[in-house]
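Enquirer: Just so you know, the sequences run in chain order X and E. At the far end of the first sequence sits residue 1257, using this note's numbering, and the numbering has no gaps. At the far end of the second sequence sits residue 119, using this note's numbering, and the numbering has no gaps.
Incorrect hints may appear among the rest.
A few chain X positions that, by computed beta-carbon distances, are all more than 10 Å from chain E [unchecked claim]:
1) 1204
2) 1223
3) 1225
Each pair of labels, with its calculated beta carbon distance range [what the hints assert, rightly or not]:
4) 33/E <-> 1156/X: 34 to 42 Å
5) 19/E <-> 1186/X: 21 to 29 Å
6) 1195/X <-> 33/E: 16 to 24 Å
7) 72/E <-> 1190/X: 24 to 32 Å
8) 35/E <-> 1202/X: 30 to 38 Å
9) 1198/X <-> 33/E: 22 to 30 Å
Calculated directly from the structure, the hints in this document are not laboratory data. We put the beta carbon where it would ideally sit given N, CA and C, even for glycine.
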Amino acid sequence: GENVEQHPSTLSVQEGDSAVIKCTYSDSASNYFPWYKQELGKRPQLIIDIRSNVGEKKDQRIAVTLNKTAKHFSLHITETQPEDSAVYFCAATFTGTASKLTFGTGTRLQVTL
Amino acid sequence: SQTIHQWPATLVQPVGSPLSLECTVEGTSNPNLYWYRQAAGRGLQLLFYSVGIGQISSEVPQNLSASRPQDRQFILSSKKLLLSDSGFYLCAWSVYSRGGEKLFFGSGTQLSVL
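Whole structure, please, built from the sequences with the hints as guidance.
Expert: Have a look at this one:
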């Protein structure tokens, strides 16, 4: 089955700096890669996703890049703000099937003033 | 628009007591439904998913069970809770979009077994 590794487990950046979270996956058949943001005690929320037919996708201050050859994808947050502080999870699945989503172990991002 | 309701938000139960968590989805028909568990400070573990009424797939063998008595209702149950059942339980549903499925979570139930 799919295996997703996520790094780093914790990340601290100063407000205004960029943050990068990286994930690798094992199943070359995986073709859908979502990212979720989970604030303390709240539900994970889908913030951005990418499919294997594109290499990069942006939405305002967040972007995701995908390298199919190397089987890794990354979340980039620019101009970080305190409200970006949360745990971020990456995930991967083949055939775009949600029931087969494999999640990473999460990255706790702390944006300091 | 679609919404998902999950209750209760918090629950404290003694070891050995039964459990029933309920989730309902509005604004869509025949959704795929899921139960996830998240231990404190840990990742998301898929427990059950359902593609239709009465159809339940179990991902992790344990003392929990799930049922789907109605199209938009998903229930997580246990006859006797264990300490290890403590965690944050999340109901979720998925929708097909541009050739793939997107997964959306309910607000969660924080379960403490004492």
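Enquirer: Would you mind marking each hint as holding or not holding in the structure?
Expert: Evaluated hints:
| no. | hint | verdict |
| --- | --- | --- |
| 1 | 1204 | holds (19 Å) |
| 2 | 1223 | holds (26 Å) |
| 3 | 1225 | holds (23 Å) |
| 4 | 33/E <-> 1156/X: 34 to 42 Å | holds (40 Å) |
| 5 | 19/E <-> 1186/X: 21 to 29 Å | holds (27 Å) |
| 6 | 1195/X <-> 33/E: 16 to 24 Å | holds (22 Å) |
| 7 | 72/E <-> 1190/X: 24 to 32 Å | holds (27 Å) |
| 8 | 35/E <-> 1202/X: 30 to 38 Å | holds (33 Å) |
| 9 | 1198/X <-> 33/E: 22 to 30 Å | holds (27 Å) |
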